[in-house]
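Student: Once you have looked at the hints, place chains S, B and E with the ligands on chain V.
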Amino acid sequence: MSRYFKAEITENKKLNNDCNLLTFVPFRKPAEPKPGQFFMIGMEGDYDPLLKRPFSLFRRTQRGFQILYRIRGRGTSLMRNLGRGSVIHVLGPLGNSYPMPPEDHAPVIVAGGIGIASVFSLAERLAAARNKAHIYYGARGASDLLMVGALKKAAKRLSLTTDDGSCGERGCITDMLSVFSWGASSERNTVIYACGPRKMLETVAGIAAGRGIEAYVSMEENMACGIGACLGCVVKTVSGHKRVCKEGPVFNAKEIVW
Amino acid sequence: MSRYFKAEITENKKLNNDCNLLTFVPFRKPAEPKPGQFFMIGMEGDYDPLLKRPFSLFRRTQRGFQILYRIRGRGTSLMRNLGRGSVIHVLGPLGNSYPMPPEDHAPVIVAGGIGIASVFSLAERLAAARNKAHIYYGARGASDLLMVGALKKAAKRLSLTTDDGSCGERGCITDMLSVFSWGASSERNTVIYACGPRKMLETVAGIAAGRGIEAYVSMEENMACGIGACLGCVVKTVSGHKRVCKEGPVFNAKEIVW
Amino acid sequence: MNLSVQIGKLKLKNPVMTASGTFGYAEEYSEFIDLNRLGAVVVKGLSLTPKEGNPPPRIIETPAGMLNAIGLQNIGIESFIQEKLPFLKRFHTPVIVNFFGDSIDEYAEAAKSLSAAEGVHGLEMNISCPNKQAGWRIFGTDPKVTFEVVSAVRKSTNLTLIVKLSPNVTDIALMARVAQDAGADAVSLINTLTGLAIDIKTRRPKLANVTGGLSGPAVKPVAVRMVWEVYRSVKIPIIGMGGIMSSDDALEFLLAGAAAVAVGTANFINPRATIDILSGIEAYMRDNRVTDVKDLTGGMI
Amino acid sequence: MNLSVQIGKLKLKNPVMTASGTFGYAEEYSEFIDLNRLGAVVVKGLSLTPKEGNPPPRIIETPAGMLNAIGLQNIGIESFIQEKLPFLKRFHTPVIVNFFGDSIDEYAEAAKSLSAAEGVHGLEMNISCPNKQAGWRIFGTDPKVTFEVVSAVRKSTNLTLIVKLSPNVTDIALMARVAQDAGADAVSLINTLTGLAIDIKTRRPKLANVTGGLSGPAVKPVAVRMVWEVYRSVKIPIIGMGGIMSSDDALEFLLAGAAAVAVGTANFINPRATIDILSGIEAYMRDNRVTDVKDLTGGMI
Ligand SMILES: Cc1cc2nc3c(=O)[nH]c(=O)nc-3n(C[C@H](O)[C@H](O)[C@H](O)COP(=O)(O)OP(=O)(O)OC[C@H]3O[C@@H](n4cnc5c(N)ncnc54)[C@H](O)[C@@H]3O)c2cc1C
Ligand SMILES: Cc1cc2nc3c(=O)[nH]c(=O)nc-3n(C[C@H](O)[C@H](O)[C@H](O)COP(=O)(O)OP(=O)(O)OC[C@H]3O[C@@H](n4cnc5c(N)ncnc54)[C@H](O)[C@@H]3O)c2cc1C
Ligand SMILES: Cc1cc2nc3c(=O)[nH]c(=O)nc-3n(C[C@H](O)[C@H](O)[C@H](O)COP(=O)(O)O)c2cc1C
Ligand SMILES: Cc1cc2nc3c(=O)[nH]c(=O)nc-3n(C[C@H](O)[C@H](O)[C@H](O)COP(=O)(O)O)c2cc1C
Ligand code: FES
Ligand code: FES
Chain V
389 MSRYFKAEIT ENKKLNNDCN LLTFVPFRKP AEPKPGQFFM IGMEGDYDPL LKRPFSLFRR
449 TQRGFQILYR IRGRGTSLMR NLGRGSVIHV LGPLGNSYPM PPEDHAPVIV AGGIGIASVF
509 SLAERLAAAR NKAHIYYGAR GASDLLMVGA LKKAAKRLSL TTDDGSCGER GCITDMLSVF
569 SWGASSERNT VIYACGPRKM LETVAGIAAG RGIEAYVSME ENMACGIGAC LGCVVKTVSG
629 HKRVCKEGPV FNAKEIVW
Chain S
389 MSRYFKAEIT ENKKLNNDCN LLTFVPFRKP AEPKPGQFFM IGMEGDYDPL LKRPFSLFRR
449 TQRGFQILYR IRGRGTSLMR NLGRGSVIHV LGPLGNSYPM PPEDHAPVIV AGGIGIASVF
509 SLAERLAAAR NKAHIYYGAR GASDLLMVGA LKKAAKRLSL TTDDGSCGER GCITDMLSVF
569 SWGASSERNT VIYACGPRKM LETVAGIAAG RGIEAYVSME ENMACGIGAC LGCVVKTVSG
629 HKRVCKEGPV FNAKEIVW
Chain B
366 MNLSVQIGKL KLKNPVMTAS GTFGYAEEYS EFIDLNRLGA VVVKGLSLTP KEGNPPPRII
426 ETPAGMLNAI GLQNIGIESF IQEKLPFLKR FHTPVIVNFF GDSIDEYAEA AKSLSAAEGV
486 HGLEMNISCP NKQAGWRIFG TDPKVTFEVV SAVRKSTNLT LIVKLSPNVT DIALMARVAQ
546 DAGADAVSLI NTLTGLAIDI KTRRPKLANV TGGLSGPAVK PVAVRMVWEV YRSVKIPIIG
606 MGGIMSSDDA LEFLLAGAAA VAVGTANFIN PRATIDILSG IEAYMRDNRV TDVKDLTGGM
666 I
Chain E
366 MNLSVQIGKL KLKNPVMTAS GTFGYAEEYS EFIDLNRLGA VVVKGLSLTP KEGNPPPRII
426 ETPAGMLNAI GLQNIGIESF IQEKLPFLKR FHTPVIVNFF GDSIDEYAEA AKSLSAAEGV
486 HGLEMNISCP NKQAGWRIFG TDPKVTFEVV SAVRKSTNLT LIVKLSPNVT DIALMARVAQ
546 DAGADAVSLI NTLTGLAIDI KTRRPKLANV TGGLSGPAVK PVAVRMVWEV YRSVKIPIIG
606 MGGIMSSDDA LEFLLAGAAA VAVGTANFIN PRATIDILSG IEAYMRDNRV TDVKDLTGGM
666 I
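Chains as they are written, first to last, in my numbering: chain V, 389 to 646; chain S, 389 to 646; chain B, 366 to 666; chain E, 366 to 666.
One chain only, chain V, in its complex shape:
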């Protein structure tokens, strides 16, 4: 049960133009991850790129883990080329996790773009706990909406938006969230979980604060160590700088200084 292990890639599946689903199997028994936690992943090779990259747990499989990643820069571009059998170095699971809602609370999940990677396992966990979430999921276009089938199954209700209207409603997922009416009584019994671009999280935090709803947001910052040692990944909170990799990545939205 070590949090530092080598793993073998068993699949690196292209989902659309810029997103892949990577499945890896650790060489030895890893610790059990919780929804919201993440891994630091490093590739074999020499010292460029140097640092490991953080990716959320997407799903636990029988023998290993999956991450859903978007090709962004140097690291993920190289990651895209990794074939079956390639070896990666993994640190994790790391960070805290999404707190499960009290049984009488209705969970609402808000995902923007690749943010779906982090909340997907929460949705499945909630479904398993018979407290399915209402999932709001927005992306640029239809082809960027990933895993919609599985989400439909895991959700009480799935609301989709795209920037171009190619699927679901046209517009921002937070627009949809803000006009939605839970009714005064249920609001108090709602918990929001959100992952996506910082702007989206800020809007979600605003909506939640306005309605007096508890909201948890998963934050991103550049990371070096992933385990709280370098102080590289802090975000500003009402009680000072906090480490995304240690006190986070999930924060109560009220804590963050946007």
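Please note: incorrect hints may appear among the correct ones.
So, partial list: chain V residues that the calculated Cβ filter (under 7 Å) puts toward chain B [as the list claims (entries may be wrong)]:
no. : residue
1   : Tyr392
2   : Phe393
3   : Tyr435
4   : Asp436
5   : Leu438
6   : Leu439
7   : Asn469
8   : Leu470
9   : Glu609
10  : Ala612
11  : Gly616
12  : Ala617
13  : Leu619
14  : Gly620
15  : Val622
For lysine-lysine, the following DSBU-like pairs were computed, each having C-alpha atoms within a straight-line distance of at most 30 Å [said to hold, decoys possible]:
no. : chain 1 : residue 1 : chain 2 : residue 2
16  : S       : Lys587    : S       : Lys624
17  : S       : Lys540    : S       : Lys422
18  : V       : Lys394    : S       : Lys402
19  : B       : Lys659    : E       : Lys566
20  : V       : Lys630    : B       : Lys566
21  : S       : Lys634    : E       : Lys416
22  : V       : Lys587    : V       : Lys624
23  : B       : Lys509    : E       : Lys497
24  : V       : Lys624    : B       : Lys416
25  : S       : Lys624    : E       : Lys378
26  : V       : Lys587    : B       : Lys566
27  : V       : Lys540    : V       : Lys520
28  : E       : Lys566    : B       : Lys376
29  : V       : Lys642    : V       : Lys544
30  : B       : Lys566    : E       : Lys566
31  : B       : Lys509    : E       : Lys509
32  : E       : Lys378    : B       : Lys566
33  : S       : Lys422    : S       : Lys541
34  : E       : Lys374    : E       : Lys600
35  : V       : Lys394    : V       : Lys417
36  : B       : Lys374    : B       : Lys659
37  : S       : Lys634    : V       : Lys401
38  : S       : Lys587    : E       : Lys378
39  : V       : Lys642    : V       : Lys630
40  : E       : Lys600    : B       : Lys566
Source of the hints: derived by calculation from the structure; they are not laboratory data. In this text, all values refer to a predicted model and were calculated from it rather than measured experimentally. Yeah, the Cβ is synthetic: ideal placement off N, Cα and C, and Gly gets one too.
Tutor: Quick look at chains S, B and E with the ligands alone, frame taken from chain V:
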């Protein structure tokens, strides 16, 4: 006919524990190489390793080229992992080449270890010109003697040595060369071509000088540009520093200051 | 095989230490390695009062390296002594505390209060953080100021005193001599090289602090050169660091003149880096019949 | 789209130049690129008399970089004028000659004889080679000596005079100001950082010269930072270099304050690097509606 091109790897065959034969096919028509010339080969990826690596032309194939390489350090270790379909960046063919012997001269080839990579195509060229060489080829052990079958075909005679006596005679290839008697008259009509460790080349140069035989040696130096611009690859010659990548890699043994 | 080295009054069981700021307060790494196996633990830089540090983003990767602008965020000496030191005392590895001040008096006072704490075995004074303002940097770049501040700290502590040097200087050997003359028991080098990275899309610096400190394999050749230059001009031991990723790298520093080495950025890539490096040094000594690691120091021929 | 930039009296058609010592005498690269497309060609450093340079090995790779200790091998100014310049005159790209001397007089004399040669359009004086002895290095590290030698050269030439600065200093902005005050039309930076690599098997330095100069992507953050520091303290244009591999890198230098850029080590990895970088700058300008490349200089916000 550009000397800078991308190429696709069609095979990367393991020959023994630390040597591979790499076959690559250029995306567009390259220049025709001559025996003794070399390529600078770079891999896709980021900036570590940074520089291209020099490798001799081993053999021209129908559609591409082959290099025979020994896994030494960071670059060649990564090269070993390149699969079929991988793309490399190639500069070359570069440098001068082994001068063909006059028709009435008997060629003698001396190869030490991976030095065979450079003289192999010369041996085949000589065979094609119906002036087969007597080939002296030494390596550490039997498994390090590569391409012996093909060499046998290309050689007038093939003399092998290994450090451990596991194949051919036990000892240094230069020991064998030094005791061999060509007979006074034929010595003047002999040309030696040698590639291998610097110590071996120095000994060959000594033997050749002692007997008044013309000898050509292929030199190695660390390289950056491969085309004569950086002055990084010089060797000391009787007429000053000369660039291995431009005035070489093949030098008349008399020129080198050992 | 003797791996122990002497740094001032401290006898380390082996020459592998951690680099300040890259190993937290050691607790973070105790899950991955046995802290007892380290030559010494050097903790994140401390000051008299807690510091918030710089706003994010604080780190960004560069080719074979990284820039950081943490801005010396720390919990302050008092909290360290109360909250972190007890954990460290459970191990028999010397604890070296990296610290800094914003004035000569603060440096001296910090040294004094750390020296009073049981469980602190040595001090490393950071006069070389590139993330402080230009005014602060003279502690590590102006020989006269360096002499003053090191002398003041020397008077405030009996603990082994290591002075951490900046590579952002014309003549690092001179800076080392100054530290030696002012009473340092050892020097450590290099701290990070000042660097800047710009996002060409936003046209803004990639770090909120604008500049940051470059560390990692990229800087190793500069660091090894500086250790070699310092080795030839001081008598006190050198702790070498800057881009050490493997035992081969560590051995380079020893051969260049370091008595011990510190592992920094490598911890982020491999949390077991320190231990792997130690094993590699042992293997090298075995293979090369080196019986005392001290025989490697300055062994370049 | 206006790509032209002014460096002293020279109007370059675009800001992409070659870095001295990495492009030979340009002939070597003429097979791979159209030399007419370059902003300027800067040739390998020359001296009055030919130099043999250092013994091999002269180069060694490091993480994301390389060390070189060529030792300024060159054919001498006379041979250059006779054998190399005629080829360069066939192109309408300005030729800037990098040169050095071993004394102030030699510097001045070299500048004079180069200025007399038809086809030499500008001079870049190298006061910053890390492969020369410590005594020589004061040309680039001691402000007083720098002032003297630049002043002497200034008096010997009417050509555009670029002074190439060393990064191995505490305060590069100061060095740039000194060069400006002594009459330089522009400064170029950075030359290489001094580094050392040791072969742990043989325990010998990997370069015959012991130390060498570090170049390539590894040094880029340091170089960008120095350009930014210099930009804020001089009025003359800056030619930025150090690890430029792509147009993104080049744009970083422009945004940091460079008026033009020079491509060095990248030529070894991609002989078409200069042209690819130029195309990339053009594409960036198009995409970002920048009509004049000069508007990028110092554009970091
Ligand atoms: C806790 C956490 C969980 C994440 N989960 C996912 C996920 O499940 N799927 C996914 O596609 N992405 C996820 N990200 C973002 C992902 O880490 C970055 O997209 C990735 O690191 C980019 O690497 P690169 O080499 O392609 O980009 P480059 O731009 O080349 O990276 C350069 C450096 O910047 C860092 N960096 C760049 N962008 C980010 C970012 N947004 N967050 C953190 N570091 C960054 C890199 O780690 C690297 O150190 C997560 C980030 C965090 C912090
Ligand atoms: C003209 C020429 C032809 C060659 N032909 C062959 C060949 O056909 N087959 C083969 O296996 N090897 C050949 N070599 C040697 C080969 O270039 C090196 O073994 C290879 O560069 C090592 O790279 P690396 O990354 O594995 O080693 P590393 O040690 O990691 O390399 C570090 C740096 O040193 C350089 N370097 C290390 N060893 C040598 C060397 N012996 N010669 C030149 N540069 C070196 C590398 O190019 C690189 O820049 C040739 C060398 C030259 C100069
Ligand atoms: C994230 C980070 C934080 C650092 N914090 C400190 C510090 O607080 N005090 C200090 O003296 N050095 C600090 N350093 C410098 C390192 O201790 C070390 O000198 C430098 O990183 C070079 O070593 P490396 O390349 O092995 O990382 C820090 C370095 C990094 C990367
Ligand atoms: C092999 C080599 C030779 C060099 N020769 C010279 C020289 O003769 N004169 C000079 O001023 N700079 C010389 N330089 C320094 C480069 O011009 C440039 O300043 C430095 O390499 C940084 O740029 P880069 O990282 O793009 O290579 C040389 C650099 C290299 C790598
Ligand atoms: S990444 Fe190092 S503290 Fe979070
Ligand atoms: S490798 Fe550059 S001159 Fe030969």
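Student: Would you mind marking each hint as holding or not holding in the structure?
Tutor: Now for the hints, and whether the structure bears them out:
1. Tyr392: 6 Å, holds
2. Phe393: 11 Å, violated
3. Tyr435: Holds: closest Cβ of chain B sits about 4 Å from tyrosine 435 of chain V, inside 7 Å.
4. Asp436: Aspartate 436 of chain V check passes; min Cβ-Cβ to chain B is 5 Å, inside 7 Å.
5. Leu438: 6 Å, holds
6. Leu439: 5 Å, holds
7. Asn469: 19 Å, violated
8. Leu470: 17 Å, violated
9. Glu609: 5 Å, holds
10. Ala612: 4 Å, holds
11. Gly616: 5 Å, holds
12. Ala617: 3 Å, holds
13. Leu619: 5 Å, holds
14. Gly620: 4 Å, holds
15. Val622: Given a least distance of 6 Å, the restraint on valine 622 of chain V holds.
16. S/Lys587 / S/Lys624: Between lysine 587 of chain S and lysine 624 of chain S the Cα gap is close to 15 Å, so the pair holds against 30 Å.
17. S/Lys540 / S/Lys422: With a Cα-Cα distance of about 21 Å, the restraint between lysine 540 of chain S and lysine 422 of chain S holds, given a limit of 30 Å.
18. V/Lys394 / S/Lys402: Roughly 25 Å separates the two Cα atoms, so the pair holds.
19. B/Lys659 / E/Lys566: Distance ~17 Å between lysine 659 of chain B and lysine 566 of chain E Cα, so the pair holds.
20. V/Lys630 / B/Lys566: Holds. Lysine 630 of chain V to lysine 566 of chain B sits at ~28 Å (cutoff 30 Å).
21. S/Lys634 / E/Lys416: 19 Å, holds
22. V/Lys587 / V/Lys624: Holds, because 15 Å separates the two Cα atoms, which is no more than 30 Å.
23. B/Lys509 / E/Lys497: 28 Å, holds
24. V/Lys624 / B/Lys416: 13 Å, holds
25. S/Lys624 / E/Lys378: With Cα atoms ~41 Å apart, lysine 624 of chain S and lysine 378 of chain E exceed 30 Å; violated.
26. V/Lys587 / B/Lys566: 18 Å, holds
27. V/Lys540 / V/Lys520: Judged against 30 Å, a Cα distance of about 10 Å means the pair holds.
28. E/Lys566 / B/Lys376: 28 Å, holds
29. V/Lys642 / V/Lys544: Given pair lysine 642 of chain V, lysine 544 of chain V holds - Cα atoms ~26 Å apart, limit 30 Å.
30. B/Lys566 / E/Lys566: 46 Å, violated
31. B/Lys509 / E/Lys509: Between lysine 509 of chain B and lysine 509 of chain E the Cα gap is close to 20 Å, so the pair holds against 30 Å.
32. E/Lys378 / B/Lys566: 25 Å, holds
33. S/Lys422 / S/Lys541: 20 Å, holds
34. E/Lys374 / E/Lys600: 15 Å, holds
35. V/Lys394 / V/Lys417: 10 Å, holds
36. B/Lys374 / B/Lys659: Status holds; Cα separation ~16 Å.
37. S/Lys634 / V/Lys401: 46 Å, violated
38. S/Lys587 / E/Lys378: 51 Å, violated
39. V/Lys642 / V/Lys630: Within the cut-off at roughly 13 Å; holds.
40. E/Lys600 / B/Lys566: 26 Å, holds
Hints 2, 7, 8, 25, 30, 37, 38 from the earlier list are contradicted by this structure; the remaining hints agree with it.
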